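Enquirer: Just so you know, the protein sequences line up as chains A and B, in that order.
Following the numbering used here, the numbering of the first sequence begins with 1 at its first residue and continues without gaps.
Following the numbering used here, the numbering of the second sequence begins with 1 at its first residue and continues without gaps.
Just so you know, the hints here were simulated from the structure itself, not pulled from any lab data.
It cannot be assumed that every hint is accurate.
[As the list claims (entries may be wrong)] Cut-off 25 angstroms, straight-line C-alpha distance, at most; resulting in silico cross-link-like pairs (DMTMM-like, lysine to aspartate or glutamate):
1. A:429 with B:112
2. B:31 with B:100
3. B:31 with B:108
4. B:52 with B:62
5. B:52 with A:193
6. B:52 with B:66
Every value quoted in this text rests on a predicted model; they were computed, and no experiment measured them.
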Amino acid sequence: MSVLEWMPFSVLLPLIAAPVCALLPGRLLPWLLALISVTASAVIMAFVLPQALVEPMRYFFGNWPPPIGIEYRVDAVNGFIGLLIALMGAVILPWGRLSVNREVPERQGLFYALFLLAFSGLMGITLTGDAFNVFVFLEISSLSTYVLVAQGGSRAAPLSAFRYLVMGTLGATFYLIGIGLIYILTGTLNMVDLAERLPAVADSRAVQAAFAFIIVGIGLKLALFPLHRWLPGAYANAPSAVTVFLASTATKVAIYVLLRLVFTVFGLEFVTSMPFAEVFFVLGIIGILFASTWAIEQDNTKRLLAYSSVAQVGYMALAISFVSIAGISAGLVHMFNHALMKAALFMCVCTVIYQAGSPHISAFRGLGRQMPLTMLAFVLAGLSIIGVPLTVGFVSKWLLIEAAIAEGSWFAVVVVLVGSLLAVIYIGKVAEAAWLRPAPEGREPVREAPLGLLVPMWVLVIANFYFGIDTRLTVDVARRGAEMLLGASP
Amino acid sequence: MDWLGHLNYWVVIFLMMTGFYAVIARGNMIKIIIGLNIFQTSVFILFISAGKIIGASSPVLEEGVDLYSNPLPHVLILTAIVVGVATTAVGLALAVRVRENYGSIQDDQLTEDEDGEPSP
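For reference, chain A alone in the conformation it holds in the complex (with noise of 0.2 angstroms):
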């Protein structure tokens, strides 16, 4: 079998292993078996990337080709986004499992298997070149996504997905009206056949109606700053695995998907034709100036990171905004490199609360002595959102200042120093209480965090490192994909 013919697998290995896992009993066999499909996805998207780099990869689904069959096209952009989320899943489950077995102790064939259908539904979308597969799939998703938030164990976690789940619904329907409005009105829902036939009714009110429907579905799905509110509660109260992967791969995908209606379907000059740029431009500079402040005042370090991704996200939003090659290079790479440094904090947080029972600062106070590898790894990942030189996040706001100074837009640049301080004194404030402070008198010592905890956290660590030097992969790739869909290059 050629790569073509396993891409589809990278989508359906874990989707096969979902009912699989869930009648497998005890803990081992049910996250085996996840682990291997998730891993399994991530070397084929790897064969995958290289042949997507050359000339788009279709693959028609029982041999129909659109647009009366789906078919899966996987090009720059999304090649590296569905390569990202399987290796972030291949590294989230080694990790998760000691977890886990802490916060779900009975029935893990569920858990992993509604974790397999959340992977592969994140997968789905990515893949997919039929725009109602991609409302199919983010039900998938979703639907998996509220049940695993619900796990969590404590009290709120129930109602955090309940908030979530009306959230989340609505955004879907908005999404569907959009795409039942664009269906109504070019009889296809292949995205490609979709960008050829809606310039020529580009200018009905229909049309309009329907990108907006769009817009502001995504938007609830991206957790963009207003439609965010379901976002800190969902994370905080998630059980710690299922925190680590959605934070690192749920709102990029939903990024993704933003990009490829706009740019791809719409197209660029629909596009400049309504105010997107400028919506954007000040929903993320909002976002990442008030999301970064309530990310100050948190007392939960769980929810103290999720306000930091809602600002993270506001970052993506401003990349966006400038329309320019530059600009969306830099919010491609800005994903990929957020994903690995909120991951690596959120296990670090996570990893405390394994071992210190609970997430709130002063649990933190004198733990840089006892976890030494655990909030060291903490800090060098903080020093990475702040945007230290070396880390992958210098890099992304490198890109996202250099796009900024290109559109002449000065106002940006100061916003993104200025969340960049907020960051410093957001991650400070954690390390400050576990460094500088001493631990508070008559608590047991805390102990160092197990190895199937440390390993995986100072795996994501060093990639911060590494793709902050080594930027080729991600910069090279980036550009390409930004520079594929404004339509410079096939």
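Take the given structure of chain A and dock chain B to it, following the hints.
Expert: Coordinates of chain B only, in the frame set by chain A:
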């Protein structure tokens, strides 16, 4: 303008706004789920309306018929209905869990536990 000819679209808009209002304005979780259902149903009608072609037969191959309705929206909506049912089921299950934990399903009166401690 042909007001009556667009009757189904008026119904869609009316249901959409009713459902959306219920989701935003109601605090009771069951009412929120009912609102979500009405909202989703309006979208189903929007899709199915688009499949109807006036004077066309049902899309089954038959001699002497050359105008068929479009079956694709129905297929899409079958999928969407399944999604809607699943969402309702998960939503109701979560509402049961919330009631077990808080003793109430008034969403607007509950606060997410700030400390995230395990429930007793």
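Enquirer: Next step is simple, just say for each hint if it's right about the structure.
Expert: Verification of the supplied hints:
no.	hint	result
1	A:429 with B:112	23 angstroms, holds
2	B:31 with B:100	18 angstroms, holds
3	B:31 with B:108	12 angstroms, holds
4	B:52 with B:62	18 angstroms, holds
5	B:52 with A:193	22 angstroms, holds
6	B:52 with B:66	15 angstroms, holds
Every hint from the earlier list agrees with this structure, and none is contradicted.
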